[in-house]
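Chains A and B, in that order, are what the protein sequence lines are. Using the working numbering, the first residue of the first sequence is number 1, and each one after it goes up by one. Using the working numbering, the first residue of the second sequence is number 1001, and each one after it goes up by one.
Treat the hints as calculated values from the structure; they're not laboratory data. Positions of the beta carbon are idealized from the N, C-alpha and C atoms, including for glycine. Mixed in with the good hints there might be a few duds.
[To be verified] Here are some chain A residues pointing at chain B (derived, C-beta under 10 angstroms): (1) Ser27; (2) Thr31; (3) Pro43; (4) Asp56; (5) Gly99; (6) Gln101.
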Amino acid sequence: EAGVAQSPRYKIIEKRQSVAFWCNPISGHATLYWYQQILGQGPKLLIQFQNNGVVDDSQLPKDRFSAERLKGVDSTLKIQPAKLEDSAVYLCASSSVAGDQYFGPGTRLLVL
Amino acid sequence: GDSVTQMEGPVTLSEEAFLTINCTYTATGYPSLFWYVQYPGEGLQLLLKATKADDKGSNKGFEATYRKETTSFHLEKGSVQVSDSAVYFCALSDGGGANSKLTFGKGITLSVRP
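Turn these sequences into a full structure, and let the hints steer you where they fit.
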């Protein structure tokens, strides 16, 4: 069974630029999560989707972050404009309903 | 709100040493508890879990027991290997079903010397 796929693996941008991350969950998993992991901290949930609907986006900085999951499968997380403090690893995870979460390898973002 | 507290790190051990990593939590209701491991350059992997009080999760020689009376879920291994070097995260889930979300501790880095 293929795992959660993410791309790109690494991204370096300058502040005020925009960036997008892509995630393809495990086949059949209805729930998709985006987490932000700042160096030295545990992952923090940004947004949770159930199929193509948003379940929880209370921690998403909506003035600069946006996410979509249009067809209920893969998802895109965008940052526009990026700030220095957005430097982090962005993790995507998926789960079946009431199942365990499986994580992708993450995208490491550096904002200069 | 829910929170997870892990002991301060990093931890450095010699191969075959005994490992304990402390984890305590604060939550309303009856959360499920997890340990995740992150090897260098990789994403998080579920190591073990426990869904109710007194349950013991185990995997790859690691164990943790859900202690409701002390709100703890300490991770133990009797004999660590160099390959166990990684970052370990304790986490809780606030409930089952579609609205389940994970709250993580800060993580602790374990280095095992040959």
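Outcome of the hint check:
The restraint placing serine 27/A at the interface with chain B is violated, with a minimum CB-CB distance near 17 angstroms, outside the 10 angstroms limit. Below 10 angstroms, beta-carbon pairs count as interface contacts, and threonine 31/A has one with chain B at about 6 angstroms; its hint therefore holds. Look at proline 43/A: its Cβ gets to within about 5 angstroms of chain B, closer than 10 angstroms, so that hint holds up. For aspartate 56/A, the interface hint holds, the least distance from its beta-carbon to any beta-carbon of chain B being 6 angstroms, beneath 10 angstroms.
This hint holds: glycine 99/A has a C-beta 9 angstroms from the nearest C-beta of chain B, less than the 10 angstroms allowed. Among the interface hints, the one on glutamine 101/A holds; its C-beta lies about 6 angstroms from the nearest C-beta in chain B, closer than the 10 angstroms criterion.
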